[in-house]
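**Q** Next come the chains, spelled out residue by residue.
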Amino acid sequence: MTEQISKTQETLQSTEDPGVIQEVLDNNPEIKSLGNYEYGWSDSDDAGASAKRGVDQAVVEDISGKKDEPEWMLKMRKKGLKYFQRKPTPTWGADVSDIDFDNIKYFVRSTEGQAQTWEDLPEDIRNTYERLGIPEAERDRLVAGVAAQYESEVVYHQIREDLEEQGVIFMDTDTALKEHPEFFEEYFGSVIPVGDNKFAALNTAVWSGGSFVYVPKGVHVEIPLQAYFRINTENMGQFERTLIIADEDSYVHYIEGCTAPIYNTDSLHSAVVEIVAKKNARVRYTTIQNWSNNVYNLVTKRAVVEEGGTMEWIDGNIGSKVTMKYPAVYLTGEHARGETLSVAFAGEGQHQDTGSKMVHMAPNTSSSIVSKSVARSGGRASYRGLVQINENAHNSANSVICDALLVDTISKTDTYPYIDIREDDVTLGHEATVSKVSEDQLFYLMSRGLSETEAMAMIVRGFIEPIARELPMEYALELNSLIELQMEGSVG
Amino acid sequence: MSTLEIKDLHVSIETEQGTKEILKGVTVTISSGEIHAVMGPNGSGKSTLASTIAGHPRYEVTSGSITLDGQDVLEMDPDERAQAGMFLAMQYPVEVPGVTMTNFLRTAKTAIDGEAPKLRTWTKEVREAMEKLKIDADFASRNVNEGFSGGEKKRVEILQLELFKPKFAVLDETDSGLDIDALRVVSEGVNRAQSENNMGTLLITHYTRILNYIKPDYVHVFVDGRVAEQGGPQLADELEENGYDRFLAAV
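Going line by line, the protein sequences match chains A and B. Residue 380 in the UniProt record's numbering sits at position 380 of the first sequence, with consecutive numbering throughout. Residue 7 in the UniProt record's numbering sits at position 7 of the second sequence, with consecutive numbering throughout.
These aren't lab readings, by the way, just hints derived from the structure by calculation. Values in this document were obtained by computation on a predicted structure and should not be read as measured data. For glycine and all other residues, C-beta sits at the position ideal for the given N, C-alpha and C. Incorrect hints may appear among the rest.
Quick list of simulated restraints, FRET-style, between CB atoms [stated by the list, open to error]:
hint	chain 1	residue 1	chain 2	residue 2	range
1	A	Thr91	B	Ser141	42 to 52 Å
2	A	Met473	B	Gly231	51 to 61 Å
3	B	Lys118	A	Arg469	24 to 34 Å
4	B	Thr62	A	Asn103	58 to 68 Å
5	A	Glu439	B	Glu5	23 to 33 Å
6	B	Gly177	A	Arg469	43 to 53 Å
7	A	Ser481	B	Ala137	27 to 37 Å
Bound-form chain B, shown alone:
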């Protein structure tokens, strides 16, 4: 049983107009096996939260804390966070020209686990995971994210989620840009990782659509860099009906 604790997190970025505070005191606690949905309008700071948890250097934590089973996550570099069992499925996965998916997946798996996976079982595992996510076998020899469509990139993020088996995953708008079939396939992948690894999940989304496939235990409504309201899954239903207006009006 692990716990990822985010406490009163304040985060700023440097812009041309000067320092701008994006997160204004975020507190969320996620335990193994739980799914937390973070929902909110554009520009509310959801992606900033995701990137900050993973340690992107552009985001400066000005106060507050993130701990993983009591360990100070903010002290860790992004690679150390990955090795500690954290994973971010990115909204905009980056292309790495000249590096094949096969090479990338094996190198990353080795770096995360601290030892190389056994070649035979690994190859099989990758192949099966790709099949389940309906990713063509030829993607294995293609360069990381190069020329992939938006939907393909998202599938490949979930492929990594399944293969790397993190303790905690942050899914940053994994549902955006997916058609209904892809949404289902990707959601099934998340659910598999969830149940097989007892993973804790922070699911960031605009829409309630994905919540038809991935059932959250908690819903956090995110507005203007803060959690405006927390509740159970029924909160998502309310958002579906009434939108964010109620929360925006309160800002």
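If we strip away everything but chain A, and leave its shape as in the complex, we get:
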């Protein structure tokens, strides 16, 4: 089916309203690039330096062997590799033709074994996470559990005891495969099949790390589970694999944050996230992606939602060179609900090609997509989304709102809404707006004493407020300070 979807996208692309705004540089010829990237340092890199480049059968066997995996997983990896090699690099979205797959390091092992306390972590890795503020959050118990992935593997892991007693499982995917193989035999690759797309296939071939979450029936995990992903090695590929299963009537909120150092050459992050929300379960998945701007961020995220269940994607894309990410919800049971709130910032040299897919496969299902993007300093923000309502999914409803804000006249935004409706009795709404920060808005705020930068930041913050208010406090604050940082360089 996914094959069909991407074909539909290709054919539709020529007919839809381009909505492309591209204006020449006139008002602000000296627009500078963005401010400092706060997470751009790198640690010494002994493990990464010796890692092998490129991917082939031997690399896949080596990864699987090091992890001592069951035979079926190795088979699946090999199948993934085959699909990856066979499938062409997609050309329908952002430009990813420059990725040199032979130069990527596919597996970097940075520690021997996983730490249970921060003190057990090697010093350089501990320092990294302390600079990112993670142990504080954990110490202050703002989170129910933490996983920290450094390079290919999860290096630290902790979950609150009371949750463990309730039967909540939160661990890295490698360990979970060993300790709870039954979940993997049933669900691994069930939401996103091996050959779904080139990058999901690559992930299946070389995946390592990621989180596994299982929430038993009726359990509500009231405070979020958090994961932090960090790439340190140059030309590193990070391929974490996350699987979340929320059993009937349960609730869980999972948050991930991502950063990387600034190198001269590119790194690749290609994750796969599979989520199963069973009957009346609700899953919220929040991402604040702040990769440095030499990371290709090509991620496949999808949830299957059963009757009465709810899936919410909150997707913030600030960093990376190129992001292609369209969190999807397959609404398979009646009254299932899907929601995506996404916000993207595209600065100099960045292309954020993001959106969402909602596939209605049962009657009385509903979904909504709210997408906000800000482009500045020549960056490009694209909304690409699919709404599909299958036959028999009668009385389903969807609404899409995508708003783009252009901060200057050299940046670009475009919208690619794909709609595939095979049922008459449905309700659809689509709104798209492109606005520019107007001279009058800036003047109004400046005449109230705000500097141009402060005025710009206030306008941008206001623009994304509907999404920022959905974030946990510390993430909302981080987002605000990132916006200020980004605006500093963007006014003439």
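Following the hints, put chain B in place on chain A, whose structure we already have.
**A** Just chain B now, with coordinates in the frame of chain A:
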């Protein structure tokens, strides 16, 4: 005692037909505590004068000067003018989606004063000022000017005038679009700011109606980008009777 001095001000804007001169030599001097009414027909350049004083980038000053106690105002960005104690109540206040009035007022107050107001007294001050202007309390949590009626926007401009306490205020057709009750409430706000802060005011209007509530010390009749005649409050009465015809005929 402060003085805002506008001397032989010439201002142009860029239009599709080329550069167009709007102000053709305006001279007005305003001192603390004085109210100057600028009256004139549509298109005479009144709003251009207001926007130029506040520093809107669309208006280019080709010659002349504006000084505040001898300081060159034209050298300042709009935010610096606000920090120097100048305020423009706009004819068409702009919406800022996603930014609450509370946040906006506090941020602006902080920027103008150079330090954050004390939270407790500030909250009280805002609440009281809103009550006096008959602005519903729920406006505090609404987004700046978003979905406000014309009259509500004007009240909120005067709310800012009262809270920011400028030395000089330019009121650009604050009376337009107000019903009689709103006109009275808004005028009282201006009078309060006037007497409490010894503010100098440049009041721009089409109509003499507002002058029943706000008593000008001076009246300037504005025609075709110039002050055609200056006088005391009695000049407004004459305009009320005879309109602008006498001045227009002279152009």
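**Q** Take the hints in turn and mark each one as holding or not.
**A** Hint check results:
For A:Thr91 paired with B:Ser141, a C-beta distance near 47 Å keeps the hint of 42 to 52 Å intact. One distance hint, 51 to 61 Å for the beta-carbon pair A:Met473 and B:Gly231, holds here, with the actual separation near 60 Å. For B:Lys118 and A:Arg469, the Cβ-Cβ distance of about 27 Å falls inside the hinted range of 24 to 34 Å, so the restraint holds. Distance hint check: the CB atoms of B:Thr62 and A:Asn103 are about 59 Å apart, consistent with the given range 58 to 68 Å.
At roughly 27 Å, the beta carbons of A:Glu439 and B:Glu5 sit within the given window of 23 to 33 Å. The hint said 43 to 53 Å for the Cβ distance between B:Gly177 and A:Arg469, and at roughly 33 Å that hint is violated. The beta-carbon spacing between A:Ser481 and B:Ala137, approximately 31 Å, falls within the hinted interval of 27 to 37 Å.
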